Structure formats: structure tokens, C-alpha cells
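Enquirer: Chain by chain, the residues run as shown.
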Amino acid sequence: MSLIIDSVTKQFGRFPALNGASLTAPQGAFVALLGPSGSGKTTLLRILGGLEQADSGGVRFADINWLDMPARERKAGFVFQQYALFRHMTVAQNIGFGLKVRPRAQRPSRADIKHRVQELLALVQLDGLGDRYPSQLSGGQRQRVALARALAIEPRMLLLDEPFGALDAKVRKELRIWLRHIHDKAGVTSIFVTHDQEEAFAVADLVAVMNSGRIEQVGTPQDVRRDPRSKFVSEFLSA
Amino acid sequence: MSAIGLSTFARRNRGVLPGFGLSLGFTVFYLSMIVLIPLLALFARAFSNGMDGFWTAISTPRVLASLRLSFGMAALAALIDSVFGFVIAWVLVRYRFPGKSFLDALIDLPFALPTAVAGIALSTLYAPNGWIGSLLITHGIRIAYTPWGVLVAMTFIGLPFTVRTLQPVLSEQGQDVEEAAATLGATRLQTIARVIVPMLVPAMLTGAAMAFARGVGEYGSIIFLAGNLPMISEIAPLLIITKLEQYDYAGAAAIGAVMLMASFVMLLALNGLQGWAAKRR
Amino acid sequence: MSKFRPATEDPLLLRVTLGVVAIGFVALFLVLPLVIVFKEAFASGIRIFWTGITEPDALSSVRLSLLVAAIAVPFNTLFGIAAAWTIAKFDFPGKAFLVTLIDLPFSVSPVVSGLIYVLVFGMQGWFGPALADYDVHILFALPGLVLATIFVTFPFVARELIPLMVDQGRDEEEAAVSLGASGFSTFWNVTLPNIKWGLLYGVLLCNARALGEFGAVSVVSGHIRGATMTMPLHVELLYNNYDYVGAFSVAALLAMLALLTLALKTLLEWRYADELAAVHRH
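Protein chains in written order, with the working numbering: chain A, 318 to 556; chain B, 362 to 642; chain C, 29 to 310.
Just so you know, these hints were derived from the structure itself, not from any lab.
The reader is advised that the hints may include incorrect statements.
Below 30 Å or equal to it, Euclidean Cα-Cα: the simulated DSS-like pairs (lysine-lysine) are [to be verified]:
#: 1; chain 1: A; residue 1: Lys392; chain 2: A; residue 2: Lys431
#: 2; chain 1: A; residue 1: Lys502; chain 2: A; residue 2: Lys417
#: 3; chain 1: A; residue 1: Lys431; chain 2: A; residue 2: Lys502
#: 4; chain 1: A; residue 1: Lys392; chain 2: A; residue 2: Lys417
#: 5; chain 1: B; residue 1: Lys461; chain 2: C; residue 2: Lys67
#: 6; chain 1: A; residue 1: Lys502; chain 2: A; residue 2: Lys490
#: 7; chain 1: B; residue 1: Lys461; chain 2: C; residue 2: Lys293
#: 8; chain 1: B; residue 1: Lys461; chain 2: C; residue 2: Lys224
#: 9; chain 1: A; residue 1: Lys431; chain 2: A; residue 2: Lys417
Since the structure is predicted, the reported quantities are computational estimates derived from the model, not experimental observations.
Construct the entire structure; sequences and hints are all you get.
Expert: Following this line, the structure appears as C-alpha cells:
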């Protein structure tokens, strides 16, 4: 059930955002896509989430041709940098959204949804805040709601786009430890975009260093640091 | 003394930029002459026979019927304009097609076209022998010279308000909430209904309120189409004019005062609404 | 490789349905009335149209409308500038109340706008009898028309300028003053160039409304043919007398003016979006 990304390309107009990106990761891995802005990491993440379409290349995951499905069928939980919480809904309603919009046949009962939401609130340590609105929460709390919301649909894959980018340094550090912990508990394959090396090395099993639309090197944090395989990688990591 | 130092000083001291007295004085004088004093006259006249006199003037069947018509039809027109205004704003903001900017500019037409011109045009269109009127007559629907004429005219007049209040809000809304909904499994329709539309409710209410306020006070575009029969298709502004012609100044002023107070309440409600919406963000 | 549409795009059926509804509604409610104005005006040919707009009463109504606008618009422009200057460049209590007051005519029915002047200057009004003693006629004469028009159109320039000038701040003016410029010189050389497109926009809207105002003017006019009939009132008169071609001819003239206003407005919005940016569209 590993994730195989094979030579994915994507152009925006004349700008080549992805130039044949390839990556293999085992099931349940926590992968960091690390690179400078413009390296294509967010584009690759969005393609995995179904929010962009690749021009060519393929992705296989859980024995499915991943790119053949529209976003809403993929069950790929996506966590946005600016949280993208539904402002007019409470925290509980946000988290339960993915369950409520399921087609009737697959929709859990209202009681089940409520139960699941409570479980998730406990998991992200926001018990008792279910009736608050996003505007009443801090940035760190909002991001935890966003994560709970993505986890509620029992995703096959978790995609995080610079999830801590909008938060201050202290909160970032706390949240990334906590994110790793959640990942270990849930056991879901996670892909996490960041431009912050320290962050990538602290939480990921595998680091994929990206540059100009290609993945230059994939490996464990130690491997990549000890054994950079290209000039870009060694310069980027020593910066 | 540096310019920066002087600026800081000036900020603490109202009087550095010249012209305060002159501009404020002129502004207040103008407003008093043009707005305040005449409005005072309105209320003075409306209550010139005391509270009882005011009340009697307001509660005659004919006056009540006209107020019901003006307010009722304006509310209905605002509703229609809200629904179609939403569709139009959506199409203008989200879709791309040739001629879109032309369509966009056209929306302001009811705002720019003199009301009398709109009035005679609508009247000609919806009369039994008009382009639209003749089509509707075959189905037994009469618009011209009936209360429905009032509705049609108010719908015409109010449309720019609902579209123009929604457009900026729709285009400001980031795409990420829609993408989030899609990744969570929602169909496009579910996303629109559960995520996008609820976020637009404050703007829709504001637009509807503005269309409503405009419809209640409208005169020129309605009277050619309405029929103007007392108790049936006579709008409140027309009744004011009729009373003036009969030299019932107090009666006319009373109706005017009611309409003004309703507008004032509406304005307060609107401001309150915007405050509430701002808190939810 | 697109086997499906992007996540945030509407399904084709929905797009077509909404598009048809939107265009249909606009065509029905907005375009058709406009079309019929021109159709009726030119129904008997251009020559009849021309006669319609050049016959003496029609011409005098055009002259009167232009005259009323020529007085009302400059006054309101002056007011708009003064009000915006006061509100944007100074701090004082009651500012919010002032702004509300300026917005007031937008929420008042045009008929009420005319009514209030009848109550002040009419023969049963406050000053009517006194003025009549001096043979000064406000109502049923030019001054009344101008007053009613001023009331109805004065917010336009102010509402454009106030947010614009608030947004632009006071720094440049303060700099000018610190360099020794007088008040008027500061306004003329520093403020005016910054607000010129907003000012033009406001004047354009004010003018269009002034020429087209019907309800307020109808109340104060007395409908004296050849003397107090503005173009919209003349249209009403002709229509009520079943002179449809005549009525629509003058109406077409007003409609052409409205279209010209819309075109200029769109042009200004498009080219000077930044300078107008502080202002919401209405």
C-alpha cells in the first residue's frame, strides 16, 4: 500500500511548476516535502489532493490510480495554511462536516457523528470548545480544528500545506510535536509541505527535497543530511 | 523643524490643517438648510394635530392600504431581487464568457435611468397590448394597472442593490473553503448550499434591505404601471401627492413621517446587521 | 489528463442553467424596457422623433433640466468637497452623525423629498406667506426645482469623496502646510489632484440623477407648461396625453444620457480603479 508518485508534471501557463516529480513512500510514512518557494511542493500536494490536475505522470496509492478520481472521492484530508475553517459553523459542525455530506447510504447517524466529533475534539485537546466559532479561537486552536476536521473522514492520506506557517515560533514547535504524535496514533500516510528545514527534520520519517519542480532527493533526515546527492541539496541544507 | 516633527505635533492638535472652521461651518449650514430644517417641518406638520391627529390620519383605510401595498410589494420585490441578484452576481463573479463586462455594466441601468423613463417603458411593455403583456394575457395574467405592476416596477428598481452588494463579497471569498469542502467529500451543490451561501447571508440581507428601502419610496417608475386605484393599487408616495393636491398637508406629512421613520429603523437595523456580521468573521 | 473538472468549478448543467437564468432575467427586466424606449421613439421614423424633441415645450423642458442641473450640481460639488474635507482631515465629536445625515436622502422617498420643501415654502408652510409678501416664489418656480434637486442629489459627490479622502489620509496636506502653503493652496495643489477622478465620478452620478429626478421635482413644480416642466415631467405630460411618440422621444433623449453616464462610469471605474478603490460601488 505504498505511495508511488511517478514523473508528475504541471504547467501554469508557461510556468513549469512541476517537472517530472517522482517519489516512493511506504504506507503510514510521514513525508516532508521540503524546498524553497517556487519549488513545486504545494503544487504537488494540491495534485495529490485533487485540487489541481497533473498534465502528465501518475500516482498510485492503495492500489488505485489516484489521479483518476475527483477530489471528493479520494478521502484525502487536506489541511490548509490559512485553516479554511467554515466561519459560519461551530467547531463541532466544522469537524462533522465531512460526515454530514456523505451520501445517505454511507452517512453515519446523527448520534454517531456527534460521538465521533467528541472523540476527535479529545484527540486534538479541544474538549468543551465544540460550540465555539472559529473567530473565537486562537490560531493554534484553529489549526487543530482543521486537522480534526480532516481526520474525521478517516482519510487514506493526510495532506498538510505549511500548516504552521501562520503561527508564531513557539506555537509551531508545540504543534509539530503534537502533530507527529497524532500521526503515530492514527497511522495514516501523511505528506507535509514546508520550507522550514528544522521542522521537516524534527517530525518526518522521509524528507523529499524539491527544487524547480523536481524531487532531488528522498531519504531519512539523517541520510539526506549526511549524504546530499546534489549541489542544490547540500547548499539548501547547509543554509 | 523637520516635516516629520511637525506632522506628529499636528496630529495631536486639530488646528494645523487649515479650514476646519470654514469647511465645518459650511457643511453644517448646508445640511441644516437643505436637510434638517425641512425634516423638522415634516415632523412638525405631521404632529400638528397632536398624537391623536397623527394617528387618525395614518389609520384611515385608504392610508393603511397604501402603506400595506408599498411595504408589502417592496418586501416581495426585495425577495425576488435577492434570489435573482444572487444568481446574477454568481454568474458575473465566477464564470467567464464573452460580453460579461457588458452584462456587468448593464446592471446599473435601473440606477442610471430616470424613473419616469423606466415608468413609461414598463407600462408600455406590460400593457395588455405590449410585448410582454400580450403574452401574459393569453394565460390570464394581468400586470399593467394592477398591484402586480407595482411589483414588477419595484423588482426593476431594486436589482442593482442586491447584485452590487453581493459582488465584492463573492469575489473576496477565498477559494480555500470551497476546496476544503471538496476534499471533505462534498459535491459542488453541497458546497454551494452549505458553505458558500451561508457566508453570504449578511451581504444578501444588506442588499435586500437596500432594495426594500428603495422600493418603498419609489414613485416615478411605478405610477405609470400601477393603476393607482385607491385601496387597491395606490402606493403611499402617490397618496402623499394626492393629499397635497387636496391641501391636506397634515395628512401628507403624516404619511411622509411614517415612511421616514420606517427608513430610519431600516438604517439602524442595517448598521446593526453589519456590526453583527463583522463580529462573526 | 482531465477526466473530471476542478474541485471548485460548477458542473456544466449548473453553469448553463444559472447562466441562462441570469441573462434571461437581465434581458427581461433591464434590456427590454430600454429597447422599447428607442423602439417607440423611432416608431414613426427619425423625422418625427426630431420634431418630438425640438417642439417648443420639449425644448424648454430640456433647457430647464439643464439649468436646474447647472445650478444644483456645482452647489453639491462644493458641499461634497467641504464635507469630505471636514470629515477626512479633522477629528471632532459627532462625525458619525454627520455622515449619517449626509446619507439620509438615499433612504428618503423622492416624493417626501419634495414634500418637505412644500411644507417649508408652500402657502400653508412656514415661510410661504412671508415670502409671498415679498413676491418671492420658491415653489412652482425655478428655486423650488433647484432645492428639491439639491436635496435628492447632494449625497453623490460627498459619498464618493469622503471614503476616498479618508483613505488618502492627511500626510500630504500636513507636509504642504509645514512648507508654508495656505489652506486653499494646499487644497488646490495637493488634495485636488489626488481626488480628481473620484470627484469626476461623483459629479457624473450627481448630474445624471439631477437631470432624471422625477418624484421630488413633481411635487414642487406645479407642472406649469413651458415654465416649470423638466424633461421627466414633460415625458409624463405627453404620455398622459397619449402622445406616445412625443413622450418616448424625450424619454429616448434621457435614456441616451443614461447610457452615456453608464459608459463614462464604467470607463472611469476601469481606468482609475485604484483612485476610486476606497469607494464601494454604490
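Enquirer: Hints numbered earlier in the text: which of these fail when held up against the supplied structure?
Expert: Every hint satisfied by this model.
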